[in-house]
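Got chain A; can you put chain B on it based on the hints?
Number of protein chains: 2
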Amino acid sequence: MTSYTAPIKDMQFILQDVLQISKYSNLPGFADAPADVVEAILEEGAKFASNVLHPLNRSGDKEGCTRHPDGSVTTPKGFKEAYAVFREGGWQGLSADPEYGGQGLPSVIAMATSEMVTSANMAFGMYPGLARGAADTIHAHGTEEQKRAYLPKMISGEWSGTMNLTEPHCGTDLGLLKTRATPQADGTYKINGTKIFISAGEHDLTENIIHLVLARIEGAPEGVKGISLFIVPKFLVNPDGSLGARNGVSCGSIEEKMGIHANSTCVMNYDDATGYLIGEENKGLRAMFTMMNEARLGVAMQGMAISEVSYQNGAAYAKERLQGRALTGPVAPDKPADPIIVHPDVRRMLMDQRAFTEGARAWMYKAALAADLLHKSGDEEERRKADDYLGLMTPVLKSYLTEKGYWHATNAQQVLGGHGYIAEWGMEQFVRDARIAMIYEGANGIQALDLVGRKLMKDGGRAWQTYFAEIDEFIAENAGEEGLKPFLDGLASVKADLVEATQWMASNAMGDFNNAGASSMDYLQLFALVALAHIWAEMAKAALAKKAAGEADDFHEAKLITGRYFLDRVLPEAKAHLGKIKTGAKSMMALPAAAF
Amino acid sequence: MTSYTAPIKDMQFILQDVLQISKYSNLPGFADAPADVVEAILEEGAKFASNVLHPLNRSGDKEGCTRHPDGSVTTPKGFKEAYAVFREGGWQGLSADPEYGGQGLPSVIAMATSEMVTSANMAFGMYPGLARGAADTIHAHGTEEQKRAYLPKMISGEWSGTMNLTEPHCGTDLGLLKTRATPQADGTYKINGTKIFISAGEHDLTENIIHLVLARIEGAPEGVKGISLFIVPKFLVNPDGSLGARNGVSCGSIEEKMGIHANSTCVMNYDDATGYLIGEENKGLRAMFTMMNEARLGVAMQGMAISEVSYQNGAAYAKERLQGRALTGPVAPDKPADPIIVHPDVRRMLMDQRAFTEGARAWMYKAALAADLLHKSGDEEERRKADDYLGLMTPVLKSYLTEKGYWHATNAQQVLGGHGYIAEWGMEQFVRDARIAMIYEGANGIQALDLVGRKLMKDGGRAWQTYFAEIDEFIAENAGEEGLKPFLDGLASVKADLVEATQWMASNAMGDFNNAGASSMDYLQLFALVALAHIWAEMAKAALAKKAAGEADDFHEAKLITGRYFLDRVLPEAKAHLGKIKTGAKSMMALPAAAF
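Read top to bottom, the protein sequences are chains A and B. The opening position of the first sequence corresponds to residue 9 in my numbering, with each subsequent residue numbered one higher. The opening position of the second sequence corresponds to residue 9 in my numbering, with each subsequent residue numbered one higher.
Think of the hints as simulated: they come from the structure by calculation, not from any bench. Be aware that one or more of the hints could be misleading.
Pairs involving identical chains hold if they fit within one copy or between any two copies, as the list cannot separate such chains.
[What the hints assert, rightly or not] Simulated crosslink set (DSBU-like; lysine-lysine; CA at most 30 Å straight-line):
1. Lys343 - Lys17
2. Lys233 - Lys374
3. Lys291 - Lys384
4. Lys343 - Lys327
5. Lys384 - Lys594
6. Lys583 - Lys594
7. Lys343 - Lys583
8. Lys327 - Lys186
9. Lys88 - Lys70
10. Lys594 - Lys327
11. Lys590 - Lys327
Chain A on its own, in the form it takes in the complex (with noise of 0.2 Å):
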């Protein structure tokens, strides 16, 4: 019963107006990309989000992962006939390196066309999107021999990847973890050990799955010093590419979760599997972090597209359906009722979920620019800003995008009222799908503590620094403007708020380190809703230049109505969490674990 139109509009206007990606023509990737060619490929993704991926939502939800008792996955009617048009469409190495067979196009596109992907189905959008972390960190850690024997075909798409982490007794502390690998006369390893919540472990895309495992050699340093990486393919990889031999790698089960039922969630058993060391010996954590550092991004990304399609959804019904009638009189007399959408209490959900979203969707895309610079500027500077934004702002995206992507979902699926919890409505599967995000790629609980306790930290608090300047510049060379004003107070107020509260931090942080993490949820928060206002702002400079060009249209006005009411209804939550950052720890530590 859902429907999903990429918002193309939004998409360009950000990549284009506001991000102005035209002025990198000079980075690699980014000439190949003018806006006419954006467009064309956007509207091609969007197609395909619309026409065959979404309508397999639903269906998919329901059916979820069948294991066999051979140890196979199928995924659920149509996936596979999905899978193979997504592939053959060259999806998967759009922002790939051409070296190995991408497309080498900006990264920053490619996050355009994974939101959509998301947006029409998460559970689907889970396969590729780890299979592109697995071949990121292949590409940075791997050597040229495993890049030359893995990269091609999984950017190609035939091949995908995984990561394994999390152990029954370990996911945050990999400290703790058991996995072991032992070293063999070639040069390979035994792998051993069980993994779990490993997502698209194992399935029916693919005719080869890449896992990337964390594991212990032998005679390993205790803790997080003696942790490898290693590339355990499900099918030994012959020299000439073909597939060899099944590997000691199989599926022991599938958990039955709250959602994204199409995407298997396996136990996954390591027994005596054949693996491959990439990177240094106990340096695997390192490496690892190149694939969650992306993946954190991609899972801030889910936030925000499934608040998008659930937006898209909630307002389509509240357009339609008749009750009640406006508190001003009726406005459409001649019908029974009128469409919930005059209700204010109404549009207070849908305003609140649009400002969310459009706001997300330019702070993403600035993020995936910044990866794009990172990766490709020739200028040292410029990849060190990028480089240290990117390492700020991850956490903060991660958690909040995902926390409030989860709690815009449900008041989506609220404006449909008694339907909204009706399964074949669509709207509670929203929510469902939504809720892993805060959960893993480290708990936004733990994206806090990353925030407070290093990113902050680090190099001598230089990116915060830097990217306060960055406004304070921001809001002195756009001062004369009278329409962006409201914007710059907003910001300027908002960002007071920070300062004080990093002071706070800096003076209270260090008698007691339970301060810091009692207030790092807060902060993080608040450091949030700077980053909104700023890209909010930014969003308003370029529409007002439309208007002021006289190229504006209904969408640059919606945009800066949008924009007025984040000012109005979102902005005013910095101060209760300025206020509970200053209480600190006390309260919060005082009871003895007994007594809860």
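Using the frame of chain A, we list chain B on its own:
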């Protein structure tokens, strides 16, 4: 994998020390419930909830209800037997009128046992919960003959009941309803129409089901002024009380939904069913509101009850799961890692939930006591005050407790990380079950509109003026208590915010009703924070009194710490609500509907 232990100590603290129900022993039923009798009742209820109901919670969710080709519905395995135990225990009639076989105990005690049933198994609790609402409606609006015919068997639990409002095209806007009632020569009516979302509409727990059905008598006025209420039993009742012919009401299908799978949500078809008018012709809505208001309190309780059980299981996991080390140094150096309850952000989630649940429970019970006073007090002024309090608080309780209950169930799920997403662990069911409470018995947005559109205005604002004065009085009376000072300061501050918001509403809503609608939900939430700050201050006062009397123990210390946490970490939200309220409707209503 989940467990439930009824929080008897907290319940008794609220009943005996905070609300001091022993003060009301002059009222019918209260004298029969001294503290030791209450303790015995709660202990019996707790055993039943933990040992009989909770073990069926997950299996009931998994199996769901089954509709058979003949239209009959079976509940999940074990439900029939559990219901028999419930019925034999006399739980259904605990606070019902002794005139018709009830035990006549205070409803505030029945609220506590209902909470236990709901925490243990919400889907089960809905069967007797709806029956109770139906019985109360017959008690309030039925003729003596109708009361004699239905109440004894409904109060004994032999028969159940339902409420039938919603139709496919109308939920909130009952004026649109189409179900017809055709008068017959014998004074009965033939009922024809279709009702949807009928909880417990058909099942195998009781031998008869008494449906209360809203319908329009032929020739009645359009809209809400032409709606009447009818009793439509599944089996007609013979004059001697035995079951007669099967009536023309049947379950057409059961809905596949997000949660509460063990409760049958039915499409009910009325096909020349015999119905008996209850109350006056065309005054059906008023009668139905008796049921609705009570049901709204019951739904509010569901939010709190699910928060309680999910808190218990989140806390148990946090005390056991070893992962990482405390920021301030190892707490369990002999173990491979510390239990995750050492991490501040895990505590934040648990303390948030604890502060909510304990405050919500006390507030709920206070409302239940008001219901007792309304029905039993001999003092007109006391009855009026109780009525005002209930009318004012019902929408606030319903909306705030269900929203936060859902949110906190989500947080408890978050404490378990990946395991929280897996069905086997049971946490995700709490979230799915809790979700419905924000929707049914009037979606939360409707509650906000009820508060600002009706309850604030009623009787010239007497209800809120009385309540505000009560708070001022409480603060003045206790001003000398040193230990209470932070609670009184917090209460005074948030109450000042609410006064400001109320003044804003008064000044701005008349000129543009959309201003009231636009700010209604934030106003409701600010109102809830005041009510919670008030009840927390009352609880702190009771705990301090115990300390002063040398009767305090760890429970009272924990209560005071949790109260301080509420002041530190929940109350700051008031400023955000106030900030949003004062922005009004402008940016919320500016977009044309087509732009959504």
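Here is how each hint holds up against the structure:
Taking the shortest Cα distances, Lys343 and Lys17 never come within 30 Å of each other, neither inside one copy (33 Å) nor across copies (55 Å). Taking the shortest alpha-carbon separations for Lys233 and Lys374, neither the intra-copy value of 34 Å nor the inter-copy value of 56 Å comes in at or below 30 Å. Proximity of Lys291 to Lys384 under the C-alpha cut-off of 30 Å is restricted to the intra-copy arrangement: shortest distance 25 Å within a copy versus 73 Å between copies. In this homomeric assembly, Lys343 and Lys327 come within 30 Å of each other (Cα to Cα) only inside a single copy, at 13 Å, whereas the closest approach across copies is 58 Å.
Taking the shortest alpha-carbon separations for Lys384 and Lys594, neither the intra-copy value of 47 Å nor the inter-copy value of 45 Å comes in at or below 30 Å. Taking identical chains as interchangeable, the C-alpha atoms of Lys583 and Lys594 lie at most 30 Å apart whether they share a chain (20 Å) or sit on different chains (22 Å). Proximity of Lys343 and Lys583 under a CA criterion of 30 Å is satisfied in neither setting, with 43 Å inside one chain copy and 41 Å between copies. In this assembly of identical chains, the alpha carbons of Lys327 and Lys186 lie at most 30 Å apart only when taken from different copies (22 Å versus 55 Å within one copy).
Both within a single protomer and between protomers do Lys88 and Lys70 lie at most 30 Å apart by alpha-carbon distance, with minima of 16 Å and 29 Å respectively. In this homomeric assembly, Lys594 and Lys327 come within 30 Å of each other (Cα to Cα) only across copies, at 20 Å, whereas the closest approach inside a single copy is 48 Å. Taking the shortest Cα distances, Lys590 and Lys327 sit within 30 Å of each other only across copies (27 Å), while inside one copy they are farther apart (43 Å).
Consistency with the previously given hints fails for numbers 1, 2, 5 and 7, ordered from lowest to highest.
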